[in-house]
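Enquirer: Here is how the chains run, residue by residue.
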Amino acid sequence: MNSTHDLGGMHGHGRIDRSQTVDFEHGWERRVFALTLACGMLGKWNLDESRHARETMDPGDYLKSSYYEHWLHGLEQLLLSKGLISKEELEAGILDGRTTDAAVPAEGVAEMLGRGGPVEMEIDRPAAFAVGDPVTARNFNPKSHTRSPRYVRGRRGVVTGHHGAHIFPDRHAATGEKVAEHLYSVRFEADEIWGPRDAEPGAPVYVDLFEPYLEPVR
Amino acid sequence: MTDPLPHHSHGPSEIESRVRRLEKLLVEKGLVDPAAMDELVDTYENRVGPKNGARVVARAWTDPDYRRRLLENPTEAIMELGYRGRQGEHMKVVENTGTVHNMVVCTLCSCYPWPVLGLPPAWYKASSYRARAVSEPRAVLAEFGVELGDDVEIRVWDSTAEVRYLVLPRRPEGTGAMSEDELSELVSRDSMIGVALVGVPDSRS
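Protein chains in written order, with the working numbering: chain A, 1 to 218; chain B, 1 to 205.
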């Protein structure tokens with residue numbers, strides 16, 4: 001989806017503010033972080049759905065709000081859409097429905113973090129591209145989740161690496177299905193992306209792109 | 001004159017109340033264990049951080065076999081030192097040289113190699129860095145105090161999939177006699193994101 005989360009190349013955001021040196025500036029941010037991870041461990045949604053839920057925030061609100069407000073928005077949306085809480089419960093903060101014993105206990109946390117969520121998969125199709133191949137990032141504009149950033153779409157690059165096959169995030173976010181797609185590292189010259197007038201010299205960008213995001217250069 | 005109720009002079013903000021309500025609801029529902037929340041916070045606020053990555057870098061600087069394994073099979077080589085799991089499942093290590101400097105960004109969200117660097121700094125997640133790192137990395141580096149000549153290529157790695165990047169910085173000159181432990185103290189978080197160089201330590205003579 002083409003929204004404000006897709007920030008690469010935008011102007012007007014000013015200098016980089018490095019004044020915050022702690023992980024959490026406010027106590028509530030620490031709670032949102034922990035709630036998001038703890039709820040994620042319930043296994044009711046995947047990381048791509050979680051990213052997409054944050055991206056659905058109103059674009060104006062997204063830019064005006066802080067990072068953990070994005071997380072809070074995403075968490076609330078997921079809890080509602082998966083039916084874990086009701087709208088009435090969320091608004092009132094009062095329990096009005098079934099309880100569960102699904103919570104992951106503290107003793108289970110280290111093991112789950114250590115396992116993580118590997119996304120590499122077997123694939124039965126050969127890779128369409130090889131290292132050294134010129135490719136064009138497909139010009140497409142899905143309203144749903146994708147990990148092809150706008151600033152490379154329609155641009156030419158060269159495949160510099162093949163990461164094997166990973167879970168395709170577009171489908172994973174939309175339906176939860178785990179479909180394997182080849183994943184490549186693609187190098188784009190700065191001139192090609194930003195134009196020769198505005199590109200910095202010698203500053204290529206390497207982007208990890210799935211096979212459906214790419215087309216051969218004819 | 002002192003305020004008799006200093007902590008109540010400002011009520012909780014709207015967002016504080018919203019979060020508190022949600023936490024209470026989720027705990028009552030049985031969806032979240034408060035002790036698990038404490039464990040999650042403690043893990044990332046106090047235990048996992050850039051000291052892990054610095055250990056990886058220092059090992060690579062002092063052990064050529066380890067450096068080779070780190071570049072060829074980064075996830076496994078990092079696991080050798082005990083760092084693994086969430087947001088580090090698929091690692092790639094990019095090495096700085098005299099002619100190539102690497103820096104890492106996530107323009108779409110805030111992807112970052114948690115097991116080796118901990119949680120990302122606030123600026124890494126903020127719009128300015130995410131917007132500018134890909135289009136004007138030299139200007140961004142200059143803001144961080146890093147000026148590299150045009151003979152050094154700046155490679156920007158946008159973490160758009162589940163591959164997580166760790167920059168292997170250049171070992172500073174004059175550190176030949178330092179141990180792995182001493183070297184790891186020199187390696188900053190920012191140098192492993194690629195927005196800083198590893199400085200030459202002060203001369204002790």
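Calculated from the structure, these hints are not laboratory results.
Do not rely on the hints blindly, as some may be mistaken.
[Stated by the list, open to error] Just a few of them, taken from the derived set where beta-carbon distance is under 7 Å, the chain A residues facing chain B:
hint : residue
1    : W28
2    : K143
3    : R171
[Claimed, not checked] Which residues of chain A face chain B? A partial, calculated answer using Cβ under 8 Å:
hint : residue
4    : L7
5    : D23
6    : L42
7    : G43
8    : G83
Model, not experiment: these values are computed from the prediction.
Here a beta-carbon is modelled for each residue, glycine too, at the ideal position from N, C-alpha and C.
Enquirer: Would you mind marking each hint as holding or not holding in the structure?
Expert: Hints versus structure:
1. Interface restraint check for W28 of chain A: the shortest CB-CB distance to chain B comes to about 4 Å, inside 7 Å, so the restraint holds.
2. Interface restraint check: K143 of chain A against chain B, minimum CB-CB distance 16 Å, threshold 7 Å, status violated.
3. Of the supplied interface hints, the one on R171 of chain A is violated, with its beta-carbon coming no nearer than about 14 Å to a beta-carbon of chain B, more than 7 Å.
4. A hinted interface residue such as L7 of chain A counts as satisfied when its beta carbon comes closer than 8 Å to some beta carbon of chain B; here the least separation is about 4 Å, so the hint holds.
5. The criterion of a C-beta within 8 Å of any C-beta in chain B is met by D23 of chain A, whose closest approach is roughly 5 Å, and the hint holds.
6. Restraint check, L42 of chain A versus chain B: the minimum CB separation of about 6 Å is within 8 Å; hint holds.
7. Violation of the interface hint for G43 of chain A is found here, the shortest Cβ-Cβ separation to chain B being roughly 12 Å, above the 8 Å cut-off.
8. This hint is violated: G83 of chain A has a C-beta 12 Å from the nearest C-beta of chain B, more than the 8 Å allowed.
Comparing the model with each earlier hint shows violations of hints 2, 3, 7 and 8; every other hint is respected.
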